[in-house]
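Protein chains: 2
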Amino acid sequence: MQLQGIRVIDLTRIVSGPFCTMFLADMGAEVIKIETPGKGDPVRKQGESPNGFSYYFATFNRNKRSLAIDLRSEEGKDVLRKLLATADVVVNNFRPGVMETMGFGREALRQIKPDLVSCNLTGFGLDGPYAERPSFDFIAQAMSGFMSVNGDEGEPPMRAAPPISDLLSGMYAAMGIMAALLRRERTGQGEEVTTSLTDSMTSVMSFLASNYFATGKLPARTGNDNALVSPYGMFEAADGQVALAPSNDGVYAKLLAVLGLDHLRERPEFLNNKLRFQNRKQINAEINVKIGEKPIAHWIEVLNQAGVPCGRVLNVQEAFDDPQTQHQQMRLTIQHPDHGRLDVLGFPIKFTDDPCKVYRPPPNLGGDNIGVLTELGLTNEAIDALKAKGVI
Amino acid sequence: MQLQGIRVIDLTRIVSGPFCTMFLADMGAEVIKIETPGKGDPVRKQGESPNGFSYYFATFNRNKRSLAIDLRSEEGKDVLRKLLATADVVVNNFRPGVMETMGFGREALRQIKPDLVSCNLTGFGLDGPYAERPSFDFIAQAMSGFMSVNGDEGEPPMRAAPPISDLLSGMYAAMGIMAALLRRERTGQGEEVTTSLTDSMTSVMSFLASNYFATGKLPARTGNDNALVSPYGMFEAADGQVALAPSNDGVYAKLLAVLGLDHLRERPEFLNNKLRFQNRKQINAEINVKIGEKPIAHWIEVLNQAGVPCGRVLNVQEAFDDPQTQHQQMRLTIQHPDHGRLDVLGFPIKFTDDPCKVYRPPPNLGGDNIGVLTELGLTNEAIDALKAKGVI
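Protein chains in written order, with this note's numbering: chain A, 604 to 995; chain B, 604 to 995.
Check each hint, because a few of them may be wrong.
Same chains, same names: a pair is fine if it fits in one copy or spans any two.
To be verified - Once the Cα atoms are required to be at most 20 Å apart in a straight line, the calculated PhoX-like pairs of lysine-lysine come out as:
| id | residue 1 | residue 2 |
| --- | --- | --- |
| 1 | K897 | K716 |
| 2 | K877 | K648 |
| 3 | K820 | K648 |
| 4 | K820 | K897 |
| 5 | K642 | K877 |
| 6 | K642 | K990 |
| 7 | K680 | K992 |
| 8 | K648 | K884 |
| 9 | K820 | K990 |
| 10 | K992 | K648 |
| 11 | K820 | K877 |
Derived by calculation from the structure, the hints in this document are not laboratory data.
Make a model of the complete structure from these sequences and hints.
Here it is in structure tokens:
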């Protein structure tokens, strides 16, 4: 697998960090998830758990091992030091400064393993006026400007439903770690990678940011209408709504041809995208008349055939039952030895020769204590002593 | 830099592909953007262009070189073959099959460069019933189930404002390419990486998917209220709204302490998150009474100080003027030799030792023709001949 032989010490919990290390694990890295004994990652207790195991936790933590160890104790820190000496990567999503307080700041890490790649997932970055603030997805969605452009015109700012800043930040962290590992191959040097919830959100502002940079004008909330292209959006078929996205003049012409509206191409108010954008209501009305004559399934068939992107809003059940989603295996079933069936999200990155796979179920809390500690060279007596002291 | 020495042939245009190769370029890879002579990437003509150069294009294409060459001509294909033989990575966002038709299918690429990493950015994946369909961000947002959970209860499904499926798919592509390059370091083998707009959206469905997997129940649209945690969301301060995100019982207790509402901890209907979730309106009402007594700035100060994530919705101007955003340099100014000032988005991934930087302005169309072709060993006469034939 892609990351075979890479060992990751994962000090993260909740969403952003576990999402980052999920990618590393899915690609074959050995991820050792460090958890607090008796408590563990709080996501173990979040979301629905029909068999006594959280499905939410399962997606983020498949393919990982769990070592439950108390990092407030000296013995726990000692085990972590030993682990880090064998590792390629360490990831944390503590607030800035916590790693230092624990005795694992950048300089200490360098002493333990000079070429270690260390990754910080933060709310606001390692430094700056808000670096010490706590954060959470909702705050990053609000403060990045994202919510201000999201939602319908005339309605309040709207967040995205998933914890998107956590997820983006986890993806960036995984990307940054891999980039640093590639640099290590070439230079032999370690590196420190940092991402933040807020910068991750800011980074996806795309044209909404660049148009503001160019003009100083604030972007509007345009709901389901595209802010650059028209026609585009939801249209009313005979039995419900279809989503149309003719992305350029060529595809617009194909749409008109299929609808029998070729004559609109000559109309001065629709000559180019800029004019159609200004006269959005009129062009949408012309299109809706035709779209309304036939059902959704008809339009999905004939428009895609003609090269016009067309689909419909699927609910979550329909999305996962959809033949394409199934073909792409975006829902996977894992058999957990203690908890039976657990369904998790599939792999968004497909490798033709050496694909991602689930090779290990999500771990029970501390389920790999003995294995990991034995590999580290601890004797049975030493492990029993840690247990007796409540360190593991 | 992280990806120094990596050469990327970039056949992509619009958003998903250029976003992918932007990360590679920002980390030091040499990205040669292949464009159609006289036309170029359509994004060159999109978005605001106060100095005759699109700011939208500039963000996605800084640090890249541009080779304008007609790939429908045999001479153009010959140049591409020569380029690929010198490359580590090739990226395309054509529809599946187009690379084969052009003579650059997987097997042909292997012949040219056995250890090449080839990446496909697609609408629906390389295969499956919809593989041949055209797609676009809006369609992926609709078909992934994302829109069905986004937006307010009782209101229609809502897309996210930025082209988020394009952006996610570009991020995954960059991640997959780096993973394949790490595998190549170990095995000497090439690889084929594929991402899709739809799978990328599906992959961020997080608890919305896993709770559905666990229960078979469709998730509701909950607008700005979190679907798992309460209290959480927008509250009414004396001079406007503040966003509060107390993520767990400990932080909830801190919030109550700051608000002088400690007595609520004993109230049976608010004893745990599950109960507070059921009695969301009541707990929100209690909190709003207190929050309404003071202005936004007060709450941001005292709540963050106490460890309760708190912020407000910033518009795009406020977000980029914010001292933390500025500290993190999320808006960068590039001086383009022909077009003057171009402002672009900054780097979401920070490397402490060897940071991303802008070392090359976004290219003019074909601006690197002579340089790239000369490096390939073409003589001035050969280059002139290509020019005379309209190949470049």
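Tested hints:
When the C-alpha separation of K897 and K716 is checked against a cutoff of 20 Å, the pair qualifies neither within a copy, at 66 Å, nor between copies, at 50 Å. Within a single copy, K877 and K648 get their C-alpha atoms only as close as 51 Å, which misses the 20 Å cut-off; across copies the closest is 12 Å, which meets it. For a Cα distance limit of 20 Å, the shortest separation of K820 from K648 across copies, 19 Å, qualifies, whereas the shortest one inside one copy, 45 Å, does not. In this homomeric assembly, K820 and K897 never come within 20 Å of each other (Cα to Cα): the closest approach is 40 Å inside a single copy and 31 Å across copies.
When the C-alpha separation of K642 and K877 is checked against a cutoff of 20 Å, the pair qualifies only between copies, where the shortest distance is 19 Å, while the shortest distance within a copy is 57 Å. For a Cα distance limit of 20 Å, the shortest separation of K642 from K990 inside one copy, 15 Å, qualifies, whereas the shortest one across copies, 68 Å, does not. When the C-alpha separation of K680 and K992 is checked against a cutoff of 20 Å, the pair qualifies only within one copy, where the shortest distance is 14 Å, while the shortest distance between copies is 69 Å. Taking the shortest alpha-carbon separations for K648 and K884, neither the intra-copy value of 48 Å nor the inter-copy value of 24 Å comes in at or below 20 Å.
In this homomeric assembly, K820 and K990 never come within 20 Å of each other (Cα to Cα): the closest approach is 62 Å inside a single copy and 41 Å across copies. In this assembly of identical chains, the alpha carbons of K992 and K648 never lie at most 20 Å apart, being 26 Å within a copy and 67 Å across copies at closest. For a Cα distance limit of 20 Å, the shortest separation of K820 from K877 inside one copy, 17 Å, qualifies, whereas the shortest one across copies, 43 Å, does not.
Hint violations for this structure: numbers 1, 4, 8, 9 and 10, all remaining hints satisfied.
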